[in-house]
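Here's the letter readout for the chains.
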Amino acid sequence: MATETTKRIQSEPVIVNLGPQHPSTHGVFRLKITLDGEIVQDADMLIGYLHRSMEKLAEERTFTQNIPFTDRIDYLAAMSNNLAYCLAVEKLAGIEVPPRGQWIRVLFAELQRIASHAMANGTFVNDCGAWQTPLMYMFREREKILDLFEMTCGARLTTNYMRIGGVAFDPPPEMWPALYNLLDEMAERIDEYAALTVDNEIVLARSKGVGVISPEAAINASLSGPLLRGSGVPWDLRKADPYCVYDQVDFDVPVGRNGDCYDRFRVRLEEVRQSVHILNQVVERIPSGPWCAEVPLHLRPHAAEAYGRVESPRGELGFYVVSDGGPTPWRFHCRAPSLINLTALKEMTVGRSLADAIVTLGSIDIVVGEIDR
Amino acid sequence: MTLLLNPQAVADQLSAAVPGSVRGVEPPALVVEVDGLLEAVRFLAGDTLDLSFLASLTAVDWESHFELVYHLQSLDRNHLLTLKTMVDDHAAPLVPSLTGEFHGAHLQEREVFDLFGIRFEGHSDMRRMFLWEGFPGYPLRKDFLGLPGALSAGLPGFPHEGGENAWPVPGTAPVIPGDAGRD
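Those protein sequences? They're chains A and B, same order as listed.
Here the first sequence is numbered in our numbering, starting from 1 and rising by one per residue.
Here the second sequence is numbered in our numbering, starting from 1 and rising by one per residue.
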């Protein structure tokens, strides 16, 4: 027999640039992939295209003036970012938030989680090849949530709504009926997404067993959020280190089993259900009263440091704020889950095909504003 | 609720296990010597305290020295420790890398190198991350604004507090010569 033809064909590695302008990179994110045939040999990320030096800018502005920066760090979850920063400064200055303010914060943080997960799951299914249709279904509810934000604070994405000591405004009366309507139809809508995607052959074929990471590797790589929970580690800061009034509401922490892209997708879908469950409790139990504590605009915390963190839709979002007793923070650091979750990108993509790398990147749910800051 | 570990109690355990590694206690943080950092972290991440999740890693420039801040978390026992180390050499700071212990330190150390210029010994990929190779200086250092072409050093005080360093009250700022005719 012709033994020559069974010899392995020699091929040279090819370098493929994914991004920075590419529909599947979710922003100006560049991934340099070395390919052998169709198999990824190396994945090197080149970032910084959206670096705005937030941490340096924040050192020249007062504690209150820094709140709008946090919107622009993760522009798909501005409420969560506002909350994390305000929690850190409240810890630093020892400020108590009135009960209504705490419940309103939970309300908007959970609405933001639904909106962000709708975006994450929609674009993820897009990356799997179910082009645009599921995304449009998920955007339907996201639009309604953004409308609620607009009614409350006038902005849809860069909300700038939380304040040190509470929230900026009480939601207007017309927001509540819109919210009740949304919550009434949400359960049915989530079932609709699930019917469209969970058993979808395309999604299953493209994401089952792809981008697997073990629980030990996930912990060692400091992964958080749906990535960590998708690997089966039940770690959610809302349960583990409750802030606001999360210790008074009932909800479950969904976890995956295999740590693959499909499990991350399922974890996010389940989290949306849990968020609706939390929201139903919030609208029943929200107390009346003031929504913001009296905090001077010229806040001058004494020299100290604080690390405030929340479970943002993408994972552990922390702000490390150091004060030297001056009017501006001496150091303002954002522990960005999008960046740190990328630590494991190489392990998850090397040895698999280029198409799987796209799906894996989609399942991490990056926001480039948060990676680069 | 996550328990914040008492730094004094941890310092006692640590100095028994790794003699000479503790530099001091500055609540809420435990401060270790740079030379003993790796061994201290190995002990803290071990079975005694199980601080095996590196939640956050960053640095602070105190002008005379750099401070490295690590937030170490135990997921099983749910407690958190703030660990610090000081680098006294402000001109050429060098710290042992934790990438051998925590894979999660990889990008965070690169970020600190990029913005503070602190080198991590033993890091496999010490390149700039957000900025490009050849970028002048390290922006998060406090003296970065002293470089030629830099803008301002920030606001020194609130207007109502007065004093010569105060921020100008709106409307009272002096008109910059040559600026008046511009619209």
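Hint data in this document are derived by calculation from the structure and do not stem from the laboratory.
Keep in mind that this is a model prediction, so the values were computed, not measured.
Think of the CB as a built atom: it goes at the ideal place given N, C-alpha and C, for glycine as much as any other residue.
Among the hints, a few may not be true.
[To be verified] Computed list of lysine-lysine pairs in DSBU-like fashion (alpha-carbon distance at most 30 angstroms, straight line):
no.	chain 1	residue 1	chain 2	residue 2
1	A	Lys346	B	Lys142
2	A	Lys32	A	Lys239
3	A	Lys91	A	Lys56
4	A	Lys239	A	Lys208
5	B	Lys142	A	Lys91
6	A	Lys239	A	Lys91
[Claimed, not checked] Which residues of chain A face chain B? A few of them, derived with a C-beta cut under 8 angstroms, are:
no.	residue
7	Ile47
8	Ser53
9	Glu55
10	Arg189
11	Asn220
12	Gly232
13	Trp235
14	Asp241
15	Pro242
16	Val245
17	His333
18	Arg335
19	Asp372
[Said to hold, decoys possible] Derived list of chain B stretches under chain A, where covered just means 3 residues or more per stretch with a C-beta under 8 angstroms from a C-beta of chain A:
no.	segment
20	38 to 47
21	68 to 77
22	100 to 106
23	128 to 137
Inset, instruction - Check each numbered hint against the structure and report the violated ones by number, ascending. - result: Of the numbered hints given earlier, those the structure breaks are 1, 2, 10, 12, 16, 20, listed in rising order.
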